[in-house]
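*Asks:* Take a look at the letters that make up each chain.
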Amino acid sequence: MTTVETATGPAKTMVLNMGPQHPSTHGVLRVALELDGETVIKADPDLGYLHTGIEKSCQDKTYSQAITLTDRMDYLNPLGNNLVYCLAVEKLLGLEVPKRAQYIRVMMVELQRISSHLVWLGTHAIDMGAMSVFLYCFREREEILKIFERFAGQRMMTSYIRIGGVAVEPPAGWREMIGKFLKMMPSRVDEYEALLTENRIWQARLKGVGKISLDRAIAYSMSGPTLRAAGLAHDNRKVFPYSSYEEFNFEVPTRTDSDCYGRYMLRVAEIRESLKIVEQAMAKITDSGPIRTEAPGIVPPEREKMKTEMEALIYHFKIFTEGFSPPPGDAYVAIESPRGELGCYIASDGSPKPLRCHFRTPSYVNLQALPLLIHGQLIADVIACIGTIDIVLGDVDR
Amino acid sequence: MSESGQQNATSVIVEKLRGWNAKAVSEVIEFHGETTVVVPRELLRATAEYCRAELEFNFLSDATSVDRFPGEPRFEVNYHIVSIPKRLKLRLRTRVSGSDPTVDSMVPVWPGAGWLEREIFDLMGIRFNGHPDLRRILLPADWEGHPLRRDYPTEGFRDIPSTYLPAFKKQ
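For the protein sequence lines, the chains are D and W, in the order given. Converting from the first sequence to the working numbering requires adding 41 to each position, the first position being numbered 1. Converting from the second sequence to the working numbering requires adding 61 to each position, the first position being numbered 1.
This is chain W alone, in the form it adopts within the complex (with noise of 0.2 angstroms):
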């Protein structure tokens, strides 16, 4: 489908969510052919299960996260859903701030979303309501701070015991 026919039939989905619940479509973003609903994280769980059941978005491509601190709403979390019957893609956005990093989970929803969740719970430090195992999965379980965070450095050490890197003895 060339984009401005993807971009019709997806103005066609934002028109019935918005007839479904106009308070769902805060805003839309269209964009090189990709469109963006953003809902408030309220309406998440909701709008997300009127997309599977009712508009036939079956698939959860991806979920991610975004931090564009030191600006607010501090965090997005995005999630890239599907349509393969009716060769769609649409991407569901919520925005929370920095000091209630809290999302609706989507795993009840569309399942795939368990380890996409735990990733970004793990790497951004957002908590998701209802994950059925919201534990770290990449980094130890016993790892202090979240490392995709902007105010997270990109290299560096943490104390690390002198017995184990003598050369690098804390002064």
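The following block holds chain D by itself, in its conformation from the complex (with noise of 0.2 angstroms):
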């Protein structure tokens, strides 16, 4: 607590917990506030309390039993969480994915974008009081979260990237529900930029709240669409392309105003953007071929073969139980996801469960500079802020 010049003489500032249970906060994060009057002049993050260890617990667990904790981290991208462990593992191995594989993990990876993109919209927008658009926004999930549930059984938690390419074969009649999702999906979004684009009370909230310069946002390695705002092109599907990316014609929405309403634009273009991209995956996926390598003694042999070959069953109870053990090394993989970089390190040591496995993850990153984005704003400019980050706490806490 700290004693600041007012109007009427100097006065002691007050600290004003923005505490764990908070509806827009996006989840359990604390934000301690000092504040004079109605503007911040400091504010501490407090984190953890999503905080459930996933990393040590990775720890424990085999290469191909850790997958399914990476969804949990980041869930409303879980894909993403995948790719970015099967990427390292795969870089680790040595493995190469046929491109089938590929196609179908972008497509899927691109959805997921436009889901995450749909929930932060509906969210930021109820925030700031719009609240049909959360609606809006939530129905065209439904859609994506339908053809999750026909690939992989799975509304979120699918797991359906595995070490090597995907789980399963894409189920039957998948490319006419796309199809009518992709034909549907533009005019949705324009009906929510009909609600919020020219909007006067929208713009009146968000136009020049939460300024970062780039100089800034690179120095607090800030990522994705924060970044992106500010006025620097960089997107790791460009940059350094994984899984195919560079075979695809897509654009990286840039702006240079870098503020709420500016990364508001530039993620309703990135939706836009990726739908693109799964109708050019959609094109390229052939009707057959393979979904995941050959690799014995790492990817699991198929179920038929499993039941009638002694040696496909030898090596499908050597992964289930013992696992497999890629050489000491270690790699870091970095993907885009829509918060930004999201990273995953893994060190071997040569054994089948990882040495270390680490995730850096872009919510937590991000969060590091809410203090530099919300000093001298209003508490109403806080959650304003906190939104256009758009953080995910399980991203954050782990």
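Since the hints were made in silico from the structure, they are not lab data. Heads up, a few of these hints could be off.
[Stated by the list, open to error] Straight line, CA to CA, 30 angstroms or less: simulated DSBU-like cross-link-like pairs of lysine-lysine:
(1) D:Lys-140 <-> D:Lys-221
(2) W:Lys-147 <-> D:Lys-317
(3) D:Lys-359 <-> D:Lys-97
(4) D:Lys-279 <-> W:Lys-147
(5) D:Lys-317 <-> D:Lys-224
(6) D:Lys-221 <-> D:Lys-317
(7) W:Lys-77 <-> D:Lys-279
(8) D:Lys-53 <-> D:Lys-252
(9) W:Lys-147 <-> D:Lys-252
(10) D:Lys-187 <-> D:Lys-317
(11) W:Lys-84 <-> W:Lys-147
(12) D:Lys-224 <-> D:Lys-140
(13) D:Lys-252 <-> D:Lys-279
(14) D:Lys-140 <-> W:Lys-147
(15) D:Lys-102 <-> D:Lys-394
Make the complex out of the two chains shown on their own, each in a separate frame, by following the hints.
*Replies:* Next up, the structure:
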């Protein structure tokens, strides 16, 4: 608590706890705000309310068992978490994933990106008071979750992306399902824009709020839409392409206004770009072909083979009891999650369990800059800034 | 950039580092297109500053720690840095012993290291000299121990007062 000069003389600041239970902190986030009247002077985020020790648990499981744990970190982007972990393990093993499986991965991860941005838009809008947008976004997200359920049997924690490829063959009729979604979606995005983009209240609440300069954004390791809205066209899909992204034709939206409104426009543009990528991926995926690489001892054999061939049965048994051991070494792979740079660092010591499995999560690193974004702003703007960074507490705390 | 293209460009970087201070590059590890430069602990801050100022590594991707208990040196601290203008990645590694787990903080070089180092301190117990705000971040402030260390169990109970969980009274 400090003393500040006010219009009526020196006064003490007030420390207000924006507690872990709050409908607008997008999870269990506690921010201790030091206020001069309604202006924020200092902010100290207090994390850990959702810390479940995922990294420690991953180190106690074999490499393929840990995939299901990765789903649960950033719970709005489970396929992305699966992908980054599998890419890191595949790098350690030197595995080459077949192109068809890579295209399926890209399609699923981009659908996940659209669904994550829809949740972001819906919750950000409802925080600002635009309640109908929330229901519209979740209506579209429902279609994406139905697609995931058809592909993987699960709406959210799919664990669909596995080491060496994807888990199962795409279901019958998947092209019609995704084609229908792609035809419907662009007009729905137009609907959201019609409600918000030129809306005077929306603009008044978001324009000029939560500004950060590009130099500070880079210095504080911000990534994703927050960095791109500050002016730098840095997207891991373009700069360090992975999983065949170099074969896809898409733009990386970039802006220079670096405020909440700019980030809103940027994410809506990203939804449209992701729709383009899904359409291209759908055209590239052939009707038949491999969905997982052939790597006996690492990738389990097909169930029919396991039931008839002795060798396949032994491989299946060894993989699911003992697991496989990558050579000693380490690997760091970074992908572009809807929130920014999502990285997975795995250190192997030659045993079937990872020696160290660390996830560099974008929400955690971006949240670091929250005190910079909200300095000198009002309490209501704190809600806008927390929403605009797009944090997911599972991603922050793991 | 292809893997080999990346590797050529990073070997140029490693040569520049050697030219600046040969003692800073005590070991170079190449693995699947990734280059790791092992730096002695005393020279880490200076090497990082050189990488940021002269070699244009302006972005800190990640800071990680590895516990190799019971091997010595016990801890490894890795800094994954990216040069956005040159599209290059590099890993700086330093090894510290279990009896003196202290490393110079990279916050003066890349402010984004602030929370990454706090997490390493919280979960692994490695202290960072010169960190502006080194305290626990994910665990409660009064937690004892550092869970990510290999000698810390993955599951179990601590002394829980029996008034909280009557079914699990201490025997």
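*Asks:* Would you mind marking each hint as holding or not holding in the structure?
*Replies:* Hint check:
no. : hint                    : in the structure
1   : D:Lys-140 <-> D:Lys-221 : holds, 25 angstroms
2   : W:Lys-147 <-> D:Lys-317 : holds, 28 angstroms
3   : D:Lys-359 <-> D:Lys-97  : holds, 24 angstroms
4   : D:Lys-279 <-> W:Lys-147 : holds, 14 angstroms
5   : D:Lys-317 <-> D:Lys-224 : holds, 11 angstroms
6   : D:Lys-221 <-> D:Lys-317 : holds, 14 angstroms
7   : W:Lys-77 <-> D:Lys-279  : holds, 27 angstroms
8   : D:Lys-53 <-> D:Lys-252  : holds, 27 angstroms
9   : W:Lys-147 <-> D:Lys-252 : holds, 27 angstroms
10  : D:Lys-187 <-> D:Lys-317 : holds, 20 angstroms
11  : W:Lys-84 <-> W:Lys-147  : holds, 25 angstroms
12  : D:Lys-224 <-> D:Lys-140 : holds, 26 angstroms
13  : D:Lys-252 <-> D:Lys-279 : holds, 25 angstroms
14  : D:Lys-140 <-> W:Lys-147 : holds, 28 angstroms
15  : D:Lys-102 <-> D:Lys-394 : holds, 6 angstroms
Violated hints for the displayed structure: none, as all numbered hints are satisfied.
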